[in-house]
Amino acid sequence: MLTTVLDMLASRGWFDTSTPFEKSIHLTQGACLWMLLSRGGVLHTYVKFSDCFDLSGEAARCEAAARCYPGLVPAHVGHGRDRGIDLLVARAAETTGIVPERFFDSPPPGLASYFAALPTATGPQGVEPFKHRALFEAMSAYFAEHGLAQIARRWMLDEALVTIEGLAAMPQHGDLVLNNLGLATDGALVIFDWEDFGTVSLPGFDLLTLELSVSGGAERWLARRAQEGGCPSWVVQACAAMSLPLTDYHRLAPLYALVFRYMKRNYGPEVRARMDREISALDRAMAP
Amino acid sequence: MDVPYPYADGLSRLQLLYRLPTAPSPRRLLLVPGRDPGGDVGAGWGTGEVTSVSPTELLRMATTRSSDFDAVALPGTLEPLPSRAQLANGELLAAAAELLAPDGVVVGHMAHGRALRRLARPSQWIGLAAAAFVADAILGPVEVCGALERAGLHTAEGFYVQPQVDSPMGLAPSDPQAARRHFLRDLRSTSHTRGVAGHYLRWAVARVGWGGSFQSQIFFWARKPC
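Sequence order for the protein chains is A and B. For the first sequence, my numbering begins at 96 and goes up steadily by one. For the second sequence, my numbering begins at 381 and goes up steadily by one.
Looking at chain A on its own, in the form it has when it is part of the complex (with noise of 0.2 Å):
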């Protein structure tokens, strides 16, 4: 597999393997192979590939982040198929991981205009966002059969189809998490792995899960709002931008949170019971 990804790399002079360079390898929880490549030391390419699955709806997914946020995202470079193996390439970026304690008293430079590019972004082309009522009906009858179909019932009500139908549609990230932000070298902000990019529209959506990983759950989100008696700054600003009442936004975060799970579903059991003691105790909080 190796080699004809390497060959790929040369032949479509996405990069130059003729004299020396470092890879290391690493693997997705869905078993897709990525690699980053560098030459003396500095980093130069990211390569993700596979000899089972079809790349082509995340590359299609990367370049419309790389339009639409090209500030914040990596450059896309292209993406292949040859002798049966999918490559996607962008260039890589040299980043360091964003401390959460630090975040809520001084977010991240370059956040404000995610979530001020976001009305205006539009999703990658070929793919159409999850309309609101199919995505309730689809998440019924997941978790009916999946555990959670209480709480499910609770925040799906028509009264919630009605409020986000009345917001404008926008292509979210859709893993939105700390995890994926890093700061490169200039203290710019990187955002990473765009591969759910536009599968939901739901303004809101990236902001609660971001403010949920930040937080570091959702007991401590709800603690920290309690004692500080409402939404962060730049929380507030997000939803300005994104012309999203605070009042809909806070009612709304157990079903962003239920959205996220149904999105996850084909997670490892670790991921999906820690997510599901998430959205309980959101559950148990904001239930009326």
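Derived by calculation from the structure, the hints in this document are not laboratory data. Please note: incorrect hints may appear among the correct ones.
[Stated by the list, open to error] The list that follows gives simulated cross-link-like pairs (lysine to aspartate or glutamate, DMTMM-like), each with its CA atoms no further than 25 Å apart: (1) 118/A to 566/B; (2) 359/A to 389/B; (3) 359/A to 378/A; (4) 359/A to 546/B.
[To be verified] Some chain B residues close to chain A (C-beta under 10 Å, calculated; not the full set): (5) 387; (6) 393; (7) 395; (8) 552; (9) 561; (10) 566.
[Claimed, not checked] Label pairs and their calculated CB-CB ranges: (11) 543/B to 200/A: 31 to 37 Å; (12) 503/B to 248/A: 54 to 60 Å; (13) 228/A to 535/B: 54 to 60 Å; (14) 365/A to 471/B: 37 to 43 Å; (15) 543/B to 229/A: 38 to 44 Å; (16) 483/B to 283/A: 41 to 47 Å; (17) 535/B to 200/A: 47 to 53 Å; (18) 114/A to 463/B: 40 to 46 Å; (19) 116/A to 386/B: 28 to 34 Å; (20) 280/A to 577/B: 24 to 30 Å; (21) 108/A to 483/B: 24 to 30 Å; (22) 134/A to 483/B: 24 to 30 Å; (23) 214/A to 579/B: 35 to 41 Å.
Don't be surprised by glycine CBs; every beta carbon is placed ideally from N, CA and C.
Take the given structure of chain A and dock chain B to it, following the hints.
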């Protein structure tokens, strides 16, 4: 809303790593399982006939057959310090090379002899000290590449498995400079996932170039010349 890449368990990901080095067609695999989960590696091989034999059988086969396979998988078959009761690493690799067709690959994983977890056990210290005098010892990725080349194979590559072979998430380079950069980069991007003490301990170890010592297994492959 389709899920593009269904969740894969640890074994599926290990099987994927075994498919990384390109084996020539018709991809006949000789599987020589050692420790678990070695025996299951062949299940993810895909196209190509899979033959499974014991290490002893591998040595016997190599005396009567040649160039019969396009890949030889050695999952947990080699030992960092084989005891007298165990088969010699050099003999096993030479036999694997003998049974490979031209351009075929040897691929495998084994315990990392210099892993901190191993060094934490005083019972291991005498053996590790003795390794300096044992030609057949394979303590780390550099030594495994040397052993593969002594067996007549080329383009040998060795990696540290991250974090564990039973649920692998990646292969870190073993070249000292590249490894140092890799582990420091890894720490920078995951600084929020560990406590301060754990982070700085790992940072100090990675800084001096010993980041690989946190990894308990190594992964390797090499190719038979055409």
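Hints, one by one, checked against the model:
For the hint linking residue 118/A to residue 566/B, the alpha-carbon distance of about 13 Å falls within 25 Å, and the restraint holds. A C-alpha spacing of about 15 Å is found between residue 359/A and residue 389/B, which places the hinted pair at or below 25 Å, so the restraint holds. Of the pairs offered as hints, the one joining residue 359/A and residue 378/A holds, with about 19 Å between alpha carbons and a cut-off of 25 Å not exceeded. A hinted pair counts as satisfied when its Cα atoms are at most 25 Å apart, and residue 359/A with residue 546/B qualifies at roughly 23 Å.
Checking residue 387/B against chain A: minimum C-beta separation of about 5 Å stays under 10 Å; hint holds. For residue 393/B, the interface hint holds, since its Cβ comes within 10 Å of a Cβ in chain A; the closest pair sits about 5 Å apart. For residue 395/B, the interface hint holds, the least distance from its beta-carbon to any beta-carbon of chain A being 9 Å, beneath 10 Å. Hint status for residue 552/B relative to chain A: holds, with the closest Cβ pair at about 6 Å, below 10 Å.
Hint on residue 561/B holds. Least Cβ distance to chain A is approximately 5 Å, under the 10 Å limit. Look at residue 566/B: its Cβ gets to within about 8 Å of chain A, closer than 10 Å, so that hint holds up. A beta carbon spacing of about 32 Å between residue 543/B and residue 200/A agrees with the range 31 to 37 Å that was offered as a hint. Between residue 503/B and residue 248/A the beta carbon distance is about 58 Å. The supplied range of 54 to 60 Å therefore holds.
Between residue 228/A and residue 535/B the beta carbons are some 56 Å apart, a value that agrees with the proposed interval 54 to 60 Å. Look at residue 365/A against residue 471/B: about 42 Å separates their beta carbons, and that is inside 37 to 43 Å. Range check, residue 543/B to residue 229/A: Cβ separation about 39 Å, and the 38 to 44 Å hint holds. Evaluation of the 41 to 47 Å hint for residue 483/B and residue 283/A yields a pass: the beta carbon distance comes to about 45 Å.
At roughly 51 Å, the beta-carbon separation of residue 535/B and residue 200/A lies within the given 47 to 53 Å, and the hint holds. A C-beta distance of roughly 44 Å is found between residue 114/A and residue 463/B, which places it inside the suggested range of 40 to 46 Å. In this structure, residue 116/A and residue 386/B meet the distance hint of 28 to 34 Å, their C-beta atoms being roughly 32 Å apart. For residue 280/A and residue 577/B, the Cβ-Cβ distance of about 26 Å falls inside the hinted range of 24 to 30 Å, so the restraint holds.
Taking 24 to 30 Å as the suggested C-beta distance range, the pair residue 108/A and residue 483/B conforms, at roughly 26 Å. Between residue 134/A and residue 483/B the CB atoms are about 27 Å apart, so this pair conforms to the stated range of 24 to 30 Å. Between residue 214/A and residue 579/B the CB atoms are about 38 Å apart, so this pair conforms to the stated range of 35 to 41 Å.
In this structure, none of the earlier numbered hints is contradicted; all agree with it.
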